[in-house]
Every structure is written in structure tokens, then in C-alpha cells.
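Trainee: Chains A and B, in that order, give the protein sequences.
The first sequence stops at residue 158 when you use numbering that gives the first Met the number 0, and every number in between is there.
The second sequence stops at residue 290 when you use numbering that gives the first Met the number 0, and every number in between is there.
Hints may contain errors.
What the hints assert, rightly or not - Below are the DSSO-like pairs computed for lysine-lysine, each with C-alpha atoms no more than 27 Å apart in a straight line:
1) A:K156 to A:K124
2) A:K114 to A:K6
3) B:K290 to B:K109
4) A:K6 to A:K56
5) B:K4 to A:K150
6) A:K6 to B:K4
7) A:K6 to A:K66
8) A:K56 to A:K84
9) B:K267 to B:K163
10) B:K163 to B:K242
11) B:K284 to B:K232
12) B:K232 to B:K242
13) A:K66 to B:K290
14) A:K66 to B:K109
15) A:K84 to A:K66
16) B:K267 to B:K290
17) A:K6 to A:K84
18) A:K56 to A:K66
19) B:K232 to A:K56
20) B:K2 to A:K6
21) B:K109 to A:K56
22) A:K150 to B:K109
23) A:K124 to A:K150
24) A:K156 to A:K84
25) A:K124 to A:K114
26) A:K66 to B:K232
27) B:K109 to B:K284
28) B:K232 to B:K163
29) B:K109 to A:K114
30) A:K66 to B:K284
31) B:K109 to B:K267
32) A:K66 to A:K114
33) B:K242 to B:K284
FYI, nobody ran anything at the bench for these hints, they're computed from the structure.
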Amino acid sequence: MSDIIRKSKKFRIKNGFVFSIDALLAISIMLILLGLMSFYSIRIYPETFPLANLQLKTNDILILLDKLGYFSQGNSQAIFQFVNKSLENGIEWHMTIEYYTSIINGTNVSFVLNKTIDIGTNSTKFSNSVSATRIFTIINSTNVSYYGRVKLISGYKNS
Amino acid sequence: MEKNKRRAARQMRGVFLTYTIFLLFSALVILVYTFAHISIMENDAYSVFLSVARVRNQFDAVEYHFLRIPVTDLNFTIQNNSILFSETLPLTVTNSSSITFYTFKQFVEKYSYINTTFDAVPDLPGELDIYPYRVAVTHPDEYSVLINPLDEESINSINNYTIKLVVQGSTPGLSWSDVYTVPENSSDAFYIFASVYGTGEPNRINNISAYINRSLTSTLTFSRGANEIMTIKFNEGIPGSVKMELEPRFGVNVNYTIVFGGEITGTKGGMRPANVTVTVPHVIKRVQIIK
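Same shape as in the complex, but just chain B:
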């Protein structure tokens, strides 16, 4: 009886030891697997890290050169110290762009060492900066144009604005809603000349001009009877700024000229945004809009 009990105890111990060894071995296998997994993850993380660096570098290159292409989707000409814009408002939202854009697209897509696609986004042209001054021309929507000097020097560099409107139908009238005129020789003065021409009968041009205070808001309104066609606010918020807003139910051709005290050396921007996709096969694909 005693012998049987002892044998049973030894057998139990044997079973216990077998289970313990099995559990320890399993733990060892899991540990080795975990180490192997961590090493693979580390290599994957490393390759993703390098791919992210390559992708960021490609975006940087495309963005940097895209924003320096010396043509824009805005129609303007520079003559020494003046820049003349010729636009039809509302501005068309489209993805059609210049041949220079298309050539750049072809080069980026075919000659990049990293897989890249580059397309114009259906949108309005972006901000155009006029150099050497810090003056920005933007189109917040199809009906508006903003001209903003960005620093004191640029505010003082603007001599005058000329705005010429052409509308279908009879010639609208134009008048100041608010105006703060100053003498011609005042240090705060800048000159405004605005005209409007209606293509219908009677064929006539209305115009208005004034030296206005560049620090106070003056508003010019183009209207046909009670219908306002366009309002132009000068110096609203920013001295020397212009904000043109077209009533959405109208369409106009507008030519506006900014005359500076010195020569214009160049422009930057004014392009429609581009949609760039950079792909590292099996690792990363990133999309970015640049403008």
C-alpha cells in the first residue's frame, strides 16, 4: 500500500515535470519568435523611415520648382514700373493650365527617380507676388480680387491704381460711397483712376479720379440704377489695399493697373494648385496639394 502511494507520487512528479518542461520550451519558442518579429519590424520601420525621407524630399523639390515657374495662370503684362492685369470676372474655375505647367508635369512624371504624378487641380489661380515689392494679388473666389501690400515699404511704393471695367449693356454709373480725399502732394496720397464702359447703347465711358488717403477706407461703386455691379474698397484693413467685389449675377472684363514708384523685377506664383502623388511601391503613397 505504502509502495503504491510512493509510486503514484513519483508518477505525478514525472507528469508535473513533463508539463513544466513543455511550458518552459513553449515560453522559449515564443521568446525567440518575439525577437525575430521585433527584428523584422525594426527593418520595416527603417525602410519606411527612409521612404518617408525620400517622399518628403520629392515633394520639396516639386513644390519648390513649381512655385518658381515664371508663368502664371493669370493674364498680366509688366511694363517697367507698372503691372497690368486683364481678367474676366467671374474667374473660371478650371484645371486647364499653361504649356509650361504641362511641360513641368511631363518632366516630373517621366524623369523623377521616384514614382510621381502631377496634375492641375480645378481651382482658381493662387496668390501672385510682385517683386521686389511685397505686394500680393489674390482671388479669394470667382467674384473678388484682392491687392494687398504686405509691409510698410510696399504700401509706400504704390503710386496709383487704374481700374477699367467693360460690361455688357448700357454704361453703368460710378460714384464714391465713402471717400477721403487728400491734396496731391500729401504723403498719404495715392491716385485712383477708374472708368467703366458699356458695350450697349449709348456708347460712352464714365470715369472718376481722386487722390485718396491711403490710411482711410474709401469705397467706389459701379451701378446701373439701383443695381450694384461692382464695389471697390480701398484701404480696408490694410493701407494701400484694394478689394474688388463683383455682384455674382453680372459678368465684367476688368483691366487693372498697379503703378509702383520703381521698377518691377518679377513675379512668383499665380498658378492653379497642383495635386502631387509620390509613391514608393509597397511602402508608402502620399498625396499633397501644392499652391
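In isolation and in its complexed conformation, chain A is listed as follows:
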């Protein structure tokens, strides 16, 4: 009788050991999963949100340049200073501004590229970049003298 009890005890202890290993394994898998999750989150955040922030900032810069009349003046030095001041350190940018004049012949309208201004760093040097675009008009007192479009690319320096 006592032999049976001993055997059953031994069996239970053996079982307990297996269940402990199982629980340990489960905890390890959960830890690996949590580790992967946190790694994934860390990987996502620095890439996505600063770029989104940079995108919005780039849009805002074009709106400001337009509404403050920088494109009408066409002063590349003033635009360079404004954009440099607006973007934080470590961000490079490149801007292309195109000025068009319209030719109206009856009901046919065509546009001729009159002037292009390129300002900033060569955009091929950026690692992560965003771009914003805008159209604009330059108006004198009685008519539209120029139609224009602008593209601003901004991004992080290639390390």
C-alpha cells in the first residue's frame, strides 16, 4: 500500500515539474512577444511621426511664404532665410519656384515658363524626405501678371 502511495507521489512530483517547465515556456513566449511588440513600436514611432510633423511644417511654410508675398517678390535670399529659420537644425530642403505667363489666343490659353528659382540643398542628399506643393498667382492692380507653382522638399540629412 505504502509503495503505491510513494509511486503516486513520485508521479505527481514529475507532473508538477513538467507543468512548471510548460509555464516557464509560456512566460518566455509572452516575453518574446512583448519584446517584439515594443521593438516594433519603437521602430514605427521615430520614423512615422517626425515625418508627418515635417510634412505639416513643410505645407505651412509654403502657405506662409505665399500669403506673406514672398513669391510675388521672388527674392530667393529672403525665401532662403525664411525657410531656414522655419525648419529646425538637421533638416535640409530644396525649393523650386516656377513663374509662368499666360498667352491667350481667342479661347486657347497656354502658359510659358518665364523664370525658375532653385533654392536650397540638392534633394538627392536626403534620406527621409517629404514634399509640399502649391500654386499661386501674382496680381497687379488690374490683372494676373504671373501664374506660378512651387515645390518644397525637406528631409533629414543623409548620414
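Chain A is already provided as a structure; the job is to place chain B on it using the hints.
Mentor: Same frame as chain A, now just chain B:
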């Protein structure tokens, strides 16, 4: 017997363990799939967010420059301190617009970096603002014209109104229904001159003039017998304002002049609304009416 029972119990345990492992593995697969799905959704949300920002920026650019185009769909001329409008009432509801509008449309559609269409909406011209004063000329419907000074300075800047009506048929009469006249040198006075001419026989012009109180409502009526053709209310609600209302069964040519105390520097608006559609392929398409 005992042995068989134990074997059956072990077999049951084996089956139970198999099912447990299968369920756990399924749960793991579902979990991994959920994470993958969330990451894709996050990227999609990010690209939609950026597209929305680009689309909003494009609407802002088109609206801002459209409303600053220095031509309007209203017919007027500016001479120093006076602005003369020449209109046919009822005003036509159409989508035909000026060549400047068409040129702007062509530029927006062909040269925007983002896919955009731009069309005039069949409607009446929008509000025209006269600068440097804050005076707005609007057409609430085809039969009405409203001239509203929007602040105290603008009310005081209006010196006089001249309204000249041309109608088909005999010349109508014009008379005050209510009038609050004041002396010429009163600080509340502004001058009204109105005339009407009928193209039919007898060819004659009727006119009326008065210095009226800019704070009290005066009403001028153009009528042929018992038929009212047009009523003009001065200072109704807003001092210095004018409200012209044509009886819908009539048609008139109306020339009205607003004379200010100083020079007019420019106007803004007065265009028919435009229907703008901005598309980011496969992501977002938005339509907006700007006016």
C-alpha cells in the same frame, strides 16, 4: 481492468493536450495576424493623413488665389471715389465666366502637382467687397441687390447713391413710401438721386432726390399705376444700406453708383462660385465649392 482504465485516461490526456496545443497555436497565429494587420492599418492611416494634408493645402491655395483674381462677374467701373454698377435684373444664373477665370482654371488643372479640376458653378456672382472701405455688394437672388456697409467708418464714408433705372414700355412713376429727410449739412445726411426712364412713348425721365437720415428706413417705389416694378429700401437694419427688390414679372436695366468720401483702392470677390475637386489617386477625393 485497472490497466485499461489507466491507459484510457492517458489517451484522454493526450487528446486533451493535442487540442490545447492546437488552440494555443491558433491563438498565436491570430495574434501575429492582428499585429500585422494593425501595422498595415497604421501605414494606411499615415498615408491618408498625409494625403488629407496635401488636399487641404491645395484647396487653400486654389481658394486663396481664386478669391483674389482682380476681375469679377459683375459689370462695374471705378472712377476715383465712385463705383458704377451696370446690371440687368433679373440677373442671369449661369456658369459662364470671365477669360481670367478660364485662364486660372487652365493653370490649376494643368500645372498643379496634385490632380485638380476647377469649374464655375451655375450661380449668381458672390459678394463683392469694396476697398479700402468695408462695403459689400451682394445679390441674394436674381431680383435683389444689397449694398451693406459693414462698419461705422464705412457707413460714414458713403456720400451718396445714384440709381438709374431703364424699363421697357412707358416711363413709371417714382415716389417715396416712407422718407426721413434731413438738412443737407446734418451729420446723418446722405444724398439720394434716383431716376427712371421708359423706352416706350412718351420718352421721358422721372427723377427724385433727397437728403435722407442714414439711421431711419426710407422706401422708394417705382411703379406703373398700381403695379410696383421695384422698391428700394434705404437704411433697413443697417445704416447706409440699400436694398433693391425687383418684382419678378419685370425686367430692368439698373445703373447704380456709390460715391465715397475718399478714393476706392480696389475690390475683391464678385465671382461665381467654383467647384473644385482634388484627387490623390487610390487614397482620397474631395469636392468643395468655393465662393
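Trainee: Against the structure, test the hints numbered earlier, and report the numbers of the ones violated in rising order.
Mentor: 2, 4, 5, 7, 11, 17, 19, 26, 33
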